[in-house]
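A.B. asks: Given next are the chains, with one letter for each unit.
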Amino acid sequence: MIEARNLEKRFGKQLVFKDVNFKINDGEFISLVGHNGSGKTTLVKILMGLEKKSGGDILIDKKQTIGYVPQFRNIDLDYPLDIEQFVRLNLKWKLSPEKRRKDNELVNEILEKTHLTELKHRPLGLASGGEKQKAYLAQSLLNDPKILILDESTASLDVEVKMQLMDLVQELNKRFKLTVIFITHDYELSKKYTKRALFFENKTIKPISINDVSEDMFELGGR
Amino acid sequence: MFGYEFMREAFIASTFIAITAGIVGVFVVSRNMSFLSHTLSEIGFAGASFGVLIGISPLAGMILFTMVSSVAVGSLSTESSRREASISTISSLFIGLGILFLSLSSQSSSYATNILFGSIVGISAKEVQQLMILAVVVIVIIMVFYKSLAFDSFDHIGARAAGLKTRFLSVAFLITLALSVSIGSQIVGSMLVFVLLTLPGATARYLVHSVPKLIMVSVGLSLAGVWLGLYLAFVTNWPVTFFISSFEVIVYFLGLSYKNWKLSH
Ligand SMILES: Nc1ncnc2c1ncn2[C@@H]1O[C@H](COP(=O)(O)OP(=O)(O)OP(=O)(O)O)[C@@H](O)[C@H]1O
Ligand SMILES: [Mg+2]
Numbered sequence: 025m026i027e028a029r030n031l032e033k034r035f036g037k038q039l040v041f042k043d044v045n046f047k048i049n050d051g052e053f054i055s056l057v058g059h060n061g062s063g064k065t066t067l068v069k070i071l072m073g074l075e076k077k078s079g080g081d082i083l084i085d086k087k088q089t090i091g092y093v094p095q096f097r098n099i100d101l102d103y104p105l106d107i108e109q110f111v112r113l114n115l116k117w118k119l120s121p122e123k124r125r126k127d128n129e130l131v132n133e134i135l136e137k138t139h140l141t142e143l144k145h146r147p148l149g150l151a152s153g154g155e156k157q158k159a160y161l162a163q164s165l166l167n168d169p170k171i172l173i174l175d176e177s178t179a180s181l182d183v184e185v186k187m188q189l190m191d192l193v194q195e196l197n198k199r200f201k202l203t204v205i206f207i208t209h210d211y212e213l214s215k216k217y218t219k220r221a222l223f224f225e226n227k228t229i230k231p232i233s234i235n236d237v238s239e240d241m242f243e244l245g246g247r
Numbered sequence: 006m007f008g009y010e011f012m013r014e015a016f017i018a019s020t021f022i023a024i025t026a027g028i029v030g031v032f033v034v035s036r037n038m039s040f041l042s043h044t045l046s047e048i049g050f051a052g053a054s055f056g057v058l059i060g061i062s063p064l065a066g067m068i069l070f071t072m073v074s075s076v077a078v079g080s081l082s083t084e085s086s087r088r089e090a091s092i093s094t095i096s097s098l099f100i101g102l103g104i105l106f107l108s109l110s111s112q113s114s115s116y117a118t119n120i121l122f123g124s125i126v127g128i129s130a131k132e133v134q135q136l137m138i139l140a141v142v143v144i145v146i147i148m149v150f151y152k153s154l155a156f157d158s159f160d161h162i163g164a165r166a167a168g169l170k171t172r173f174l175s176v177a178f179l180i181t182l183a184l185s186v187s188i189g190s191q192i193v194g195s196m197l198v199f200v201l202l203t204l205p206g207a208t209a210r211y212l213v214h215s216v217p218k219l220i221m222v223s224v225g226l227s228l229a230g231v232w233l234g235l236y237l238a239f240v241t242n243w244p245v246t247f248f249i250s251s252f253e254v255i256v257y258f259l260g261l262s263y264k265n266w267k268l269s270h
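As they're listed, the protein sequences go chains D and B.
Heads up: the first sequence is residues 25 to 247, going by this note's numbering.
Heads up: the second sequence is residues 6 to 270, going by this note's numbering.
What the hints contain is simulated information worked out from the structure, not anything from laboratory work.
Please note: incorrect hints may appear among the correct ones.
Stretch-level coverage of chain B by chain D, calculated; a stretch enters the list once three of its residues show a Cβ under 8 Å from a Cβ in chain D [claimed, not checked]:
no.: 1; segment: 144-156
no.: 2; segment: 164-176
no.: 3; segment: 232-240
The C-beta atom is built at its ideal place from N, Cα and C for all residues, glycine as well.
Between the sequences and the hints, there should be enough to build the whole structure, so can you do that?
C.D. replies: Laid out in structure tokens, this is it:
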């Protein structure tokens, strides 16, 4: 379980959010919604310890490894590694042949799960947007996370590919009791796949039921 | 040609230089540090002439200057946009300093030419030994951090997301880069050491698609370049650097054409 108690975050004088209280249960699939700059990425960075909180508490079981698919990535056309090699970057160095064999099995299993087996030798730079997102997802699954954070992984994908990726995440969520935190500006997707949302508004964050989520919460721009 | 003592020394030295530069070059290119490695070689020139001026060895002066400045650049600016600007500034300063140091010292201008453009005749057995030790240090550092360094170099954002200590890795890598520049300059000279540190690594990217293969191809191209360069320099008496850079440039364009050809088929 993840719990925030009076969590607060500032960058210098700028307040991002305060008085934040919520719980996220194990195995939950939850959306994070709110305008640009409302602090969604900042919140998940605090969760992962990539960013410091300014006040309050965030409680999270340290043993729960987190897989994070970041919002931005710079993979250009000339990027040299193929999809499999890109995914493997997240493996630790192992000396024993036994452990290396296990790693290979794990990689194959994850490529299978993410439907990348046939594409594994394609240079990542030449992969489509959806294939890239799957590769990012596969890489983050390597250290067997209990929590998966997707930061707008579906933005810029066309509808069909979006659904494919989300179906895949949903399957992981159901089969492996993976907690999924899904940051999105996509109203339809959050309605379809999640039951609850954290709504970022007026410098705070409120947990709401997905039935109370409305389309205007997703408008870009503004604060 | 191996009948000559100085050719044997040059051959051994350049073999070690080529291997180090080939390995380090793969990371230089993928970390977008080609420009930095160019600047570091100019700083190395200033360091070498500083060494001459105060009477320590040019290599020691070079290591001193490149280490200090690469760590300074690395910790001053992590964002690449800002890095560019701070690098050009530092580079201008150091070229000026290098020329000043040289003119203050009593060494003849042929000494400067050796530092700048490299030379195969100038290397003594003791210097070869120093180069070998330094090369081994570089290779060991890279091996120790290999996995994290590869992750950080080929997917910086992912490495951060996975919780790697990327700041530390970056400084560790800058130190190996500084060392590589210093030892590479001994043969190809500080003007062109970045040829070995960037071109083989860049060419490899057009040919293969995994980190170990990139390293193998890069080392291979780098070795081929210095061996061929040494041989041709010995036969023609032209500068070795000319042959090395021509070879690496030609191979680079071949690699690029190969990639384009493959894409269109
Ligand atoms: N490292 C930082 N230093 C200073 N300010 C920052 C930093 N990171 C984020 N901010 C600011 O904090 C606020 C929240 O940013 P954040 O990236 O969390 O928004 P977001 O909700 O993820 O937006 P988007 O939907 O555009 O991705 C913004 O005003 C941003 O400018
Ligand atoms: Mg964001």
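A.B. asks: Confirm or reject the coverage of the segment 144-156 of chain B by chain D under the rule of 3 or more residues with a beta carbon closer than 8 Å to the chain's beta carbons.
C.D. replies: holds (count 4)
A.B. asks: Apply the coverage criterion to the segment 232-240 of chain B and chain D: a residue qualifies when its Cβ sits closer than 8 Å to a Cβ of the chain, and three qualifying residues are needed.
C.D. replies: Coverage by chain D is violated here, the residue count being 0 at a Cβ distance below 8 Å.
A.B. asks: Test coverage of the segment 164-176 of chain B by chain D using CB-CB distances below 8 Å; three residues minimum.
C.D. replies: holds (count 5)
Going through the hint list in order, the structure does not satisfy hint 3, though it satisfies all others.
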